[in-house]
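J.: Given next are the chains, with one letter for each unit.
Number of protein chains: 6
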Amino acid sequence: MSKENFWARDLGAGQRVRSTFLARDASVRNDSRGVPYLSTMLLDKTGSIDARMWGLPQELLGGIPEPGYVHVEGQTHEYRGMLQLKVERLRVLRADEVSEEDYLPVSEQDRRAMAAEVLEAGWSFRDDNLAELFGLIASDKDLWDAFCEAPAAKTMHHARLGGLLEHSLQCMRVAKSLAKLYPVNRDLLVFCAIFHDVGKVRELSWDLGGFAYTTEGRLIGHVVLGERVISDYIEQLPDFPKELALHISHILLAHQGEQQFGSPEIPKTLEAILVHFIDNMDARLGMYAESTKNVTDGGWSHHDNPLRRALYVPENPESRWNSPSEAT
Amino acid sequence: MSKENFWARDLGAGQRVRSTFLARDASVRNDSRGVPYLSTMLLDKTGSIDARMWGLPQELLGGIPEPGYVHVEGQTHEYRGMLQLKVERLRVLRADEVSEEDYLPVSEQDRRAMAAEVLEAGWSFRDDNLAELFGLIASDKDLWDAFCEAPAAKTMHHARLGGLLEHSLQCMRVAKSLAKLYPVNRDLLVFCAIFHDVGKVRELSWDLGGFAYTTEGRLIGHVVLGERVISDYIEQLPDFPKELALHISHILLAHQGEQQFGSPEIPKTLEAILVHFIDNMDARLGMYAESTKNVTDGGWSHHDNPLRRALYVPENPESRWNSPSEAT
Amino acid sequence: MSKENFWARDLGAGQRVRSTFLARDASVRNDSRGVPYLSTMLLDKTGSIDARMWGLPQELLGGIPEPGYVHVEGQTHEYRGMLQLKVERLRVLRADEVSEEDYLPVSEQDRRAMAAEVLEAGWSFRDDNLAELFGLIASDKDLWDAFCEAPAAKTMHHARLGGLLEHSLQCMRVAKSLAKLYPVNRDLLVFCAIFHDVGKVRELSWDLGGFAYTTEGRLIGHVVLGERVISDYIEQLPDFPKELALHISHILLAHQGEQQFGSPEIPKTLEAILVHFIDNMDARLGMYAESTKNVTDGGWSHHDNPLRRALYVPENPESRWNSPSEAT
Amino acid sequence: MSKENFWARDLGAGQRVRSTFLARDASVRNDSRGVPYLSTMLLDKTGSIDARMWGLPQELLGGIPEPGYVHVEGQTHEYRGMLQLKVERLRVLRADEVSEEDYLPVSEQDRRAMAAEVLEAGWSFRDDNLAELFGLIASDKDLWDAFCEAPAAKTMHHARLGGLLEHSLQCMRVAKSLAKLYPVNRDLLVFCAIFHDVGKVRELSWDLGGFAYTTEGRLIGHVVLGERVISDYIEQLPDFPKELALHISHILLAHQGEQQFGSPEIPKTLEAILVHFIDNMDARLGMYAESTKNVTDGGWSHHDNPLRRALYVPENPESRWNSPSEAT
Amino acid sequence: MSKENFWARDLGAGQRVRSTFLARDASVRNDSRGVPYLSTMLLDKTGSIDARMWGLPQELLGGIPEPGYVHVEGQTHEYRGMLQLKVERLRVLRADEVSEEDYLPVSEQDRRAMAAEVLEAGWSFRDDNLAELFGLIASDKDLWDAFCEAPAAKTMHHARLGGLLEHSLQCMRVAKSLAKLYPVNRDLLVFCAIFHDVGKVRELSWDLGGFAYTTEGRLIGHVVLGERVISDYIEQLPDFPKELALHISHILLAHQGEQQFGSPEIPKTLEAILVHFIDNMDARLGMYAESTKNVTDGGWSHHDNPLRRALYVPENPESRWNSPSEAT
Amino acid sequence: MSKENFWARDLGAGQRVRSTFLARDASVRNDSRGVPYLSTMLLDKTGSIDARMWGLPQELLGGIPEPGYVHVEGQTHEYRGMLQLKVERLRVLRADEVSEEDYLPVSEQDRRAMAAEVLEAGWSFRDDNLAELFGLIASDKDLWDAFCEAPAAKTMHHARLGGLLEHSLQCMRVAKSLAKLYPVNRDLLVFCAIFHDVGKVRELSWDLGGFAYTTEGRLIGHVVLGERVISDYIEQLPDFPKELALHISHILLAHQGEQQFGSPEIPKTLEAILVHFIDNMDARLGMYAESTKNVTDGGWSHHDNPLRRALYVPENPESRWNSPSEAT
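Residue numbers (our numbering), protein chains in the order written: chain A, 149 to 476; chain B, 149 to 476; chain C, 149 to 476; chain D, 149 to 476; chain E, 149 to 476; chain F, 149 to 476.
Any given hint could turn out to be false.
Treat identical chains as interchangeable: a pair holds within one or across any two.
As the list claims (entries may be wrong) - Here are the simulated BS3-like cross-link-like pairs (lysine-lysine), alpha carbons at most 30 Å apart as the crow flies:
1. 151 x 324
2. 234 x 289
3. 234 x 328
4. 302 x 324
5. 328 x 441
6. 234 x 151
7. 151 x 328
8. 328 x 302
9. 441 x 234
10. 328 x 193
11. 441 x 324
12. 302 x 390
Everything labelled a hint here was simulated from the structure, so no lab data went into it.
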């Protein structure tokens with residue numbers, strides 16, 4: 149059964165919904181009148197929505213598989229500033245009744261267009277060494293495909309297929325615009341903004357079962373793995389300047405900003421300081437965006453999110469969060 | 149005697165120097181041959197240079213006034229990646245022999261042009277409330293003059309006359325460029341980027357004696373003082389939306405990013421998170437710039453600077469640090 | 149149905165109980181013989197008691213509403229140093245069957261008497277400025293009523309109607325007695341001890357649904373809100389000394405003692421240091437009192453309380469915790 | 149030569165001074181006109197004053213002994229809110245020319261009166277066990293004399309002969325007044341307030357050479373040493389209740405409040421929490437008092453003191469810091 | 149019914165199991181097909197194994213007693229690198245149907261042999277004072293039996309009967325071997341390695357109900373309690389050198405290494421530094437061993453263990469974790 | 149002039165000394181009688197001694213070169229538990245009058261013998277892969293010579309020529325003895341104990357001018373540099389097992405134990421945990437040894453050393469610190 153009609157992304161208040169979702173964090177509780185109800189989060193690859201179901205039939209009193217696929221029918225409404233689905237009918241599905249890839253989170257943006265924008269920036273480098281290095285990387289199909297497909301994290305932010313590309317692209321855009329305001333080595337800054345997290349392609353695995361850490365990822369970590377990936381390409385270029393190679397290694401190793409966050413050295417050059425800020429800023433803005441997705445204007449998110457604080461959405465935001473490419 | 153010929157900013161290796169400076173951190177030591185020499189840092193309003201003097205006459209063996217004005221004659225050269233002045237003649241001056249304002253650090257940039265750029269941004273706000281508020285602030289001559297003249301800090305970064313304006317302007321530029329990449333309330337972001345540090349005009353005092361904290365600055369702090377300054381203007385605008393006022397207060401109070409750095413609340417909106425990053429990034433880039441001013445390509449700064457780490461200047465930087473306005 | 153007979157506060161070991169309570173943290177578990185039982189905490193406005201029920205009828209096997217009102221019948225006894233209720237009969241009630249205000253925690257002390265003691269202290273100030281300021285505040289009925297009704301916190305300590313007044317009064321008493329031992333500005337110390345937490349009236353909301361943070365409370369915080377409340381009254385007094393106003397602002401802003409706990413500046417005067425200690429000490433003693441309420445002599449509280457440690461009640465305490473007014 | 153005429157404690161602005169002092173932190177610098185001057189701090193057992201001397205004779209150009217005794221003649225005045233002595237004549241003395249005990253810091257208060265007040269409180273205990281224990285301790289002449297003579301610290305606060313008694317007495321007074329406001333075991337609280345720091349008599353040594361740590365003090369520390377001192381007395385009382393002994397040990401061991409400050413366990417009873425607060429509060433108020441001794445109204449102390457912050461003395465303090473006994 | 153046939157320690161993949169265990173952390177969940185199953189951990193005194201049961205009979209749908217004794221029948225297999233038991237039949241037992249001591253964790257090693265190895269080391273001391281002190285301790289039957297029976301902790305590591313002896317013995321072995329490599333007082337190092345944790349015999353209680361903290365343990369802590377135990381024996385030896393006694397007290401008090409971990413003083417001698425390292429190293433290796441017991445080669449432990457990190461077992465370990473005595 | 153007669157290492161109390169040294173931290177102070185004296189530390193490659201000189205001739209009143217070579221004549225004695233030299237005659241030398249290598253700190257141990265012991269251990273590996281890898285490394289003359297010559301640190305511990313070899317050898321010895329007590333992969337543990345700090349050969353530079361950080365050392369750090377050095381050798385061995393290579397990288401990267409100390413990942417295997425402890429323990433014992441070198445029995449070191457605490461040398465140590473090789 150393929151996913152039809154309603155994607156989580158498209159839900160608004162006051163809609164009649166009939167669709168399939170992946171159910172997470174499901175539990176049966178009693179309401180203030182003593183009536184049992186089912187509480188769960190319903191996801192598909194485009195987003196998620198909180199759901200409640202009363203009038204539970206006998207077979208649902210014991211709860212539902214966790215996580216498990218379900219077909220639901222019901223009505224959306226707003227509750228305390230968060231969108232909610234009141235379920236009227238729910239049927240548990242077997243894994244083979246759905247197309248699992250419909251439920252693996254995936255970037256909303258056009259991966260091909262994103263990749264093209266990165267490639268275009270790379271081809272336009274005026275620094276010959278960086279241009280050559282970029283070409284070498286972009287033409288390694290295995291690496292490039294993984295770079296375009298990987299999530300940026302297991303859970304914290306951009307945890308979706310294509311998420312690494314999304315994050316890298318946005319960091320590149322910020323780098324390009326800051327390079328006009330600060331006296332930096334522009335191509336170096338842009339190059340490292342693009343590839344600072346490339347080690348994620350080896351730190352994480354992604355398949356239908358979900359996102360996980362690899363053994364290599366846990367023993368070495370994406371910071372050192374990423375520096376190795378790039379250094380190995382540089383070794384294929386015998387004339388690459390030694391000091392530039394050293395500088396790139398430093399920027400990649402130092403991008404976490406502090407040793408306690410996994411960088412063996414802290415940023416000691418202008419470009420290293422900037423790459424750290426660009427990465428950190430985009431990651432935190434991603435956490436804000438993802439934690440406030442279903443919050444209505446003037447409302448507050450749950451406290452329990454990667455930023456560990458309730459987040460506020462102003463009453464009259466000039467603009468809501470859109471995909472960055474629309475924002476430009 | 150007015151300052152002539154040589155400003156610290158203009159010194160390069162291999163120059164013959166004859167000029168007056170303010171001497172700091174002066175002490176008489178012995179070199180490895182057992183010969184006493186004088187070590188000091190020479191400043192004027194444009195910068196500083198390390199100086200050494202051998203062959204000390206009797207009256208200098210006991211050191212020199214600290215801090216004190218001196219007239220020196222000598223030769224510049226490079227030593228371990230830092231520019232140095234070898235002094236041949238030195239005469240201590242009385243304070244009334246110099247124009248003290250020549251030795252108070254002052255922004256290298258044109259303050260009028262900087263102010264004009266800020267004003268222009270303010271006049272172009274499309275949000276009527278913010279436009280009106282900005283107009284009110286900019287037309288308060290006392291506040292505005294102080295805002296254009298104040299240093300941004302006592303020592304850490306932008307510690308010079310006009311430094312607050314320099315820092316505010318650069319934060320404004322970054323805010324404008326990030327507003328094109330993230331779905332924010334643009335005018336609000338730009339407004340708060342400009343005025344996040346406005347409390348410095350009451351936290352600090354600046355006169356010929358140097359920069360100092362005021363009693364109000366030490367008892368209340370620039371974070372709360374700045375929020376008050378803006379809130380007082382808002383109270384003059386009876387129709388100003390309550391929620392927008394609350395949001396501005398939040399952004400100003402939260403701009404230090406963490407409670408341990410003096411913000412009573414941490415950033416909980418998109419704009420508050422961004423203003424914190426913009427401020428922090430520009431401050432740290434300022435610290436880098438000021439700590440590496442006399443470092444040659446491929447050299448390292450002293451470890452003892454506001455970033456508490458030795459900082460590296462690459463061998464072939466594409467560009468050296470320039471005033472931001474030249475960089476745009 | 150109005151609450152009758154048994155209030156939580158009055159329960160002792162070996163009593164037959166028949167009353168209504170609010171049930172929290174309810175769950176059905178199995179004992180070491182494999183028999184299912186219900187575990188819950190029963191509250192009313194005077195306190196709480198742990199309860200267990202065996203021999204569950206069919207309709208309770210699935211648990212009870214959470215939180216929900218219940219009518220119980222059973223027997224109290226002591227278990228491992230904590231008072232416990234063994235429930236024999238339990239019936240779930242609808243919200244409209246009870247008077248909800250019976251279950252909202254409320255101070256055990258006479259609010260009118262407490263307010264009178266504070267007012268008396270205020271009227272007796274010998275410092276004319278502080279006396280006038282106090283009079284202005286106390287005669288603002290809206291503020292004063294809120295001050296007498298607000299809880300002092302959402303959960304940590306004095307989380308009950310009238311709790312802010314209780315805490316403020318006790319801090320005032322401590323301030324008065326310390327003013328005899330240390331050479332302080334007595335009236336200033338007493339004034340700030342009374343009003344250090346006045347910002348809570350805007351940080352928190354309290355109604356039948358329970359205690360919660362306001363949007364203003366989360367964006368600004370009670371520290372700055374409280375300083376603003378008092379400063380706004382001071383502005384109505386044109387002759388109020390500027391330096392005294394500054395000192396009051398400092399004491400209110402610094403009362404959390406450390407920046408990491410939300411004070412933008414740390415205490416820098418004798419009175420500011422003392423107000424911080426008085427507040428902190430009374431808050432922690434309140435946490436001790438509330439966490440050991442049902443602990444018998446020689447017993448230990450749970451580890452999970454605001455002080456994050458198991459707390460001990462000595463075997464032969466000279467006195468048990470009483471309401472402070474009885475203690476004087 | 150015995151100390152005559154002028155004690156540091158009595159100095160005010162505009163006085164002609166002729167007296168002997170102990171000089172610390174002496175160095176010869178040059179002023180802004182290039183003239184060398186001597187800067188030093190002059191102490192005697194009653195306090196200290198900053199001093200400056202210009203017009204240095206040949207034999208003082210190389211500085212003075214450090215630390216060393218000096219006879220000075222000069223004039224006091226106020227400089228930037230701090231009292232200062234302008235020295236006109238200075239003669240270095242040999243140690244055998246002075247009575248060294250005149251220069252060892254010593255409590256300004258009457259040690260006999262302080263001891264009497266403590267003894268009186270002890271004799272009035274209504275708890276027989278604590279009364280007997282107190283009697284045993286007070287009648288051990290060696291311990292009691294040491295307790296009355298010891299400093300409370302090497303440098304931080306109450307670092308003077310009789311300082312431990314001063315601090316213990318003041319803690320006792322605070323304990324007595326708080327026992328009227330909180331439902332505590334009064335005699336236990338007062339007993340532990342008096343003896344919480346008794347381990348200092350073995351942790352520190354004091355003689356003409358100054359205050360120092362003993363080997364025992366460095367290897368075991370005053371927290372455990374103090375608990376041992378009291379436990380050894382308790383062992384002499386075979387009928388002393390075991391649980392009361394355990395409680396006393398806990399209060400003494402936990403009085404630092406946190407493990408990181410040297411308490412092997414944190415406070416877990418009402419009395420233990422209170423003793424920690426009483427000790428900490430009096431210590432910090434002592435630091436304030438000692439750091440602002442020479443600060444004029446409206447002035448600021450140096451930043452470099454045990455509280456690590458500049459401290460403010462209000463413009464119109466109702467009262468200046470006096471010895472606590474005068475304050476009562 | 150006495151425990152028969154299968155001990156947790158002996159289980160491997162592919163075995164048919166029929167035995168009794170203690171069930172912990174039991175809960176009924178639904179699998180991805182929506183089928184309910186029971187998940188639990190089964191323990192006996194030799195170890196533990198994760199278990200799953202599908203096809204739940206009616207009486208198990210509500211879960212099982214927690215903790216409770218069960219008789220199970222099923223098959224072992226490997227799942228994601230961890231050994232697991234698939235249960236086919238499960239019957240809940242009453243506590244009186246089992247011998248509870250079969251389910252209290254107990255050291256796998258021969259306690260008599262371990263004690264003999266410690267005694268042998270003690271008898272061979274060449275330092276007469278330490279030899280005499282050791283003899284006194286070892287001949288105090290109450291203390292010695294408790295030392296041989298106590299667990300080393302409530303949960304963290306060596307939390308089993310005989311665990312303290314196991315840990316102390318292994319620390320002794322390490323001390324002996326390091327004494328050959330560093331110039332230490334060998335007998336002192338070995339003595340303190342053996343008895344550094346002796347305070348655990350009073351900090352913890354152990355009986356059929358499990359391991360718990362005593363009131364004394366919570367109020368004083370094992371660090372000070374242990375130092376007291378040894379100091380009391382030393383007081384029985386009038387000729388014991390004072391300085392050696394002081395050194396032993398220091399080593400015992402400082403063995404946690406940092407104040408924040410409960411040591412009132414930090415290690416300041418060679419032997420104190422070493423005892424801290426030996427204790428810490430053996431404790432952490434114990435945590436590793438216990439957390440990876442059921443992990444297969446190339447697999448990862450859960451993240452949730454005392455070391456707070458997923459732990460890796462290499463694919464081809466040269467040796468698996470054995471009891472230390474076998475390892476020697 | 150070559151260094152003769154007296155090496156710092158051989159000095160004891162009551163000796164007549166006539167030799168040359170390197171003077172550090174020299175300054176002229178006045179004693180308590182007002183008499184100026186020179187205070188300095190005298191070093192050569194074998195150690196250091198504090199020195200004092202009174203009766204300064206005119207040319208020494210201004211101090212001596214810093215650092216500078218001196219010829220001294222005087223008498224040693226003990227002062228407050230530290231050895232001291234009372235200088236009677238002192239002459240400043242030119243650098244070309246001495247053999248500078250006599251004053252660069254160098255290991256007291258026979259470097260050839262130490263290297264032989266490491267090589268012997270390597271040749272005896274039973275694991276073929278590790279044996280082959282070790283052989284490859286040991287036969288790379290450049291690397292091996294640097295490994296045998298490098299200091300282990302710039303200042304903290306083993307900061308002397310051959311210090312890295314000394315530290316690596318001692319870690320190897322500890323690893324070998326712990327491998328008998330814990331069930332580890334012995335050869336892997338020993339291999340990584342030897343080479344955990346190999347990155348120091350690229351992080352540091354050492355020549356007559358002293359020890360310094362390289363640019364590579366500051367930008368990448370010895371942790372990652374060392375992992376790279378070993379990984380590069382492994383890449384020359386095509387059949388080296390991938391998982392073993394990964395494990396080695398993990399151990400090397402994790403050897404600092406915590407991210408905040410520069411390890412990008414924390415130890416997650418038995419061998420990684422052990423290598424961290426072995427390194428840390430030997431480093432701290434080295435700091436103890438070096439900080440107490442001139443302390444007499446029963447005395448205390450200065451507080452200002454890498455362990456940031458005063459260190460105690462017992463009154464009757466069974467043995468004093470010897471070179472480890474003598475200790476075995």
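J.: Next, verify each hint and record whether it holds.
T.: How the hints compare with the structure:
| no. | hint | in the structure |
| --- | --- | --- |
| 1 | 151 x 324 | neither (39 Å within a copy, 41 Å between copies) |
| 2 | 234 x 289 | neither (46 Å within a copy, 44 Å between copies) |
| 3 | 234 x 328 | neither (50 Å within a copy, 38 Å between copies) |
| 4 | 302 x 324 | within (28 Å within a copy, 32 Å between copies) |
| 5 | 328 x 441 | between (32 Å within a copy, 20 Å between copies) |
| 6 | 234 x 151 | within (20 Å within a copy, 34 Å between copies) |
| 7 | 151 x 328 | neither (45 Å within a copy, 35 Å between copies) |
| 8 | 328 x 302 | between (33 Å within a copy, 28 Å between copies) |
| 9 | 441 x 234 | within (18 Å within a copy, 41 Å between copies) |
| 10 | 328 x 193 | between (37 Å within a copy, 27 Å between copies) |
| 11 | 441 x 324 | both (28 Å within a copy, 24 Å between copies) |
| 12 | 302 x 390 | between (35 Å within a copy, 25 Å between copies) |
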